[in-house]
Amino acid sequence: MIRLADRNFEPVAELAKFEKMNENAGAIVSFLGKVRGQADGQKVKALHLDHYPGVTEQSIYDIVQLASARWAIDDALIVHRTGEVLAGEPIVLVCVANAHRRAAFEAADFLMDYLKTEALFWKKERLDGEERWIEPREDDYKDAARWRKE
Amino acid sequence: MARLLFFGKLADLAGGRSREIELSQDVGSVADLIKALCVIDAVLGEAVSHASVKFAVNEKIAPAATVISNTDEIAFLPPVSGG
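So the sequence lines, in the order shown, correspond to chains V and D.
Take the first sequence: its position 146, counting from 1, is numbered 146 in this note's numbering, and each next residue is one higher.
Take the second sequence: its position 33, counting from 1, is numbered 33 in this note's numbering, and each next residue is one higher.
One or more of the hints may lead you astray.
Under the rule of at most 27 Å between Cα atoms (straight-line distance), these lysine-lysine pairs were calculated in the DSSO-like manner [to be verified]:
| no. | chain 1 | residue 1 | chain 2 | residue 2 |
| --- | --- | --- | --- | --- |
| 1 | V | Lys-45 | D | Lys-60 |
| 2 | D | Lys-9 | V | Lys-43 |
| 3 | V | Lys-34 | V | Lys-45 |
| 4 | V | Lys-142 | D | Lys-9 |
| 5 | D | Lys-35 | D | Lys-54 |
| 6 | V | Lys-43 | V | Lys-124 |
| 7 | V | Lys-149 | D | Lys-54 |
| 8 | V | Lys-45 | V | Lys-17 |
| 9 | V | Lys-124 | D | Lys-60 |
| 10 | D | Lys-54 | V | Lys-124 |
If you are wondering where the hints come from, they were derived from the structure by calculation, not from laboratory data.
Modelling step: build the complete structure from the supplied sequences, incorporating the hints.
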């Protein structure tokens, strides 16, 4: 399931629901991404996440399809924030359920790498008295490229 | 009128999310539209001309050669930074 949240969400409650929906899974892997309080030594107040309603969801769906084609995972949940996300708040939650752990770990890792580089989101960092759009990082592309080498 | 949508830093450069423009007869593709934008607004035109910018026509990712008309929604998507 894919859900865009325009306000703060509760990761523990989301994980509990996901676990209940996947009672027969032997492994559930979850990753929680949060807004860092600092960037390059500067205090970060918030991130603003721009997205393209409908099309952003489709871009995430395509990523989940890629993961499902690669690993026979039972289920995946992605909750992604939009709008104004304050420092310390969750920005993305990825959960993967599977019979065994290895595929669940790998699929969750893959989903995060592709969310960073392929999902239609644009982040603006709000610092003290300044704001700037975040450019994609070379490391993010390198992380995503790992899955294409094998 | 065609509806143009701008996301991320392009929305700031365009002064907002959307612009409605009447496509003239010589604007048949997204690539033509970019050339037309360069004439109307040099700064925005240069920004959308960048090789890293992708396009969507009527909510589907589409190449610059895609044929467009005055009923279409054309979105300009700068490099993403999600997750």
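Hints, one by one, checked against the model:
Restraint check for V:Lys-45 and D:Lys-60: the C-alpha separation of about 34 Å exceeds 27 Å, so the hint is violated. Pair hint D:Lys-9 plus V:Lys-43 holds up; C-alpha atoms about 21 Å apart against a cutoff of 27 Å. The straight-line distance between the Cα atoms of V:Lys-34 and V:Lys-45 is roughly 13 Å, inside the 27 Å bound, and the hint therefore holds. A threshold of 27 Å between alpha carbons decides the hint, and for V:Lys-142 with D:Lys-9 the separation of about 23 Å falls inside it, so the pair holds.
Proximity of D:Lys-35 to D:Lys-54 is assessed by CA-CA distance (about 15 Å); at most 27 Å being required, the pair is judged to hold. A hinted pair counts as satisfied when its Cα atoms are at most 27 Å apart, and V:Lys-43 with V:Lys-124 qualifies at roughly 14 Å. Proposed proximity of V:Lys-149 and D:Lys-54 is supported: the alpha carbons are some 24 Å apart, at most 27 Å. Distance restraint check for V:Lys-45 and V:Lys-17: the Cα-Cα separation of roughly 30 Å exceeds the 27 Å cut-off, and the hinted pair is therefore not satisfied.
For the hint linking V:Lys-124 to D:Lys-60, the alpha-carbon distance of about 24 Å falls within 27 Å, and the restraint holds. Distance hint between D:Lys-54 and V:Lys-124 is fulfilled; the C-alpha atoms sit about 19 Å from each other, no more than 27 Å.
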